[in-house]
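Residue numbers (the working numbering), protein chains in the order written: chain A, 1 to 129; chain B, 130 to 259.
The set of hints was computed from the structure by calculation and includes no laboratory data. Hints are supplied without guarantee of correctness; some may be wrong.
Said to hold, decoys possible - Lysine-lysine pairs mimicking DSS-like chemistry, simulated, CA-CA at most 25 Å apart: (1) K59/A with K74/A; (2) K131/B with K14/A; (3) K13/A with K131/B.
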Amino acid sequence: MADEMMEEGGTIKKFMYLNRKAPYGTVYALESLEVVLIGAAFEQDVSLVFMDDGVYQIKKDQDTAGTEMKNFSKTYRALEMYDVEKLYVEKESMETRGLTEEDFLVDVEVLTSEQIQDLMEDQDVLLSF
Amino acid sequence: MKFGIQINEGPYTHQASDTAYQFTKAALENGHEVMRVFFYHDGVNNGTRLTTPPQDDRNVVNRWVDLAEKHDLDLVICVAAAQRRGLVDEDEMKRNSKDAHNIAPRFRISGLGQLIEAGIQCERLVVFGD
Chain A
1 MADEMMEEGG TIKKFMYLNR KAPYGTVYAL ESLEVVLIGA AFEQDVSLVF
51 MDDGVYQIKK DQDTAGTEMK NFSKTYRALE MYDVEKLYVE KESMETRGLT
101 EEDFLVDVEV LTSEQIQDLM EDQDVLLSF
Chain B
130 MKFGIQINEG PYTHQASDTA YQFTKAALEN GHEVMRVFFY HDGVNNGTRL
180 TTPPQDDRNV VNRWVDLAEK HDLDLVICVA AAQRRGLVDE DEMKRNSKDA
230 HNIAPRFRIS GLGQLIEAGI QCERLVVFGD
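Sequences and hints are given; from them, build the entire structure.
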């Protein structure tokens, strides 16, 4: 990997953000999204994976009024404008929770756990939230 | 090897900072480079100089400060995460009209770009947390 390092500015690495936690209850999902948005300015090869309870982060029709939490789910729709377009959902996590592709507020590619593993193998930087 | 370190959990509640410290120390002592330690989520709380643990316990914050002094480590606290949790340096105090600051020496507050930059420049970015 070091050999491939070019001068700063010219380096493009594969960044994968692993979103594993429910959108509310802890701050991880929100602060992960903040990293993705800031990171987009660096023009790296970015992909997002939603797995475990993280699949709920992109569930349609979130309503947080009763808990007074900030509903940030619409921000996922803006990712496209930041050229973050590789969104993956782990099939097993989705199905275990009774969800289908229709339940998500963004277009995703559903991959099996094994396919996600292969994708992980291929990354330079894995950020797990 | 050139490492970047990310710490996602606060001191004393979670072992992440302890493990990251031991890892960083071992890496440096074995001749590796640690380009940056980035504190995120509750990890920002590792950088308050107001921490006062019982005397018979380790001082997580001072340990980082000492390690940074010895090896000229770059300890960076995420500004967005810090603002939410009340971690403040002198500039932030003035900028947000607060009446105090609490950042430990050797730590600095900066943006998330510093984390991405570490990911780009380091051969390994190692994340400590859940």
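Each hint, compared with the structure:
Restraint check for K59/A and K74/A: satisfied, since their Cα atoms lie roughly 10 Å apart, inside the 25 Å limit. A threshold of 25 Å between alpha carbons decides the hint, and for K131/B with K14/A the separation of about 17 Å falls inside it, so the pair holds. Taking the CA atoms of K13/A and K131/B, the gap is about 15 Å. The hint holds against a cut of 25 Å.
The structure shown violates none of the earlier numbered hints.
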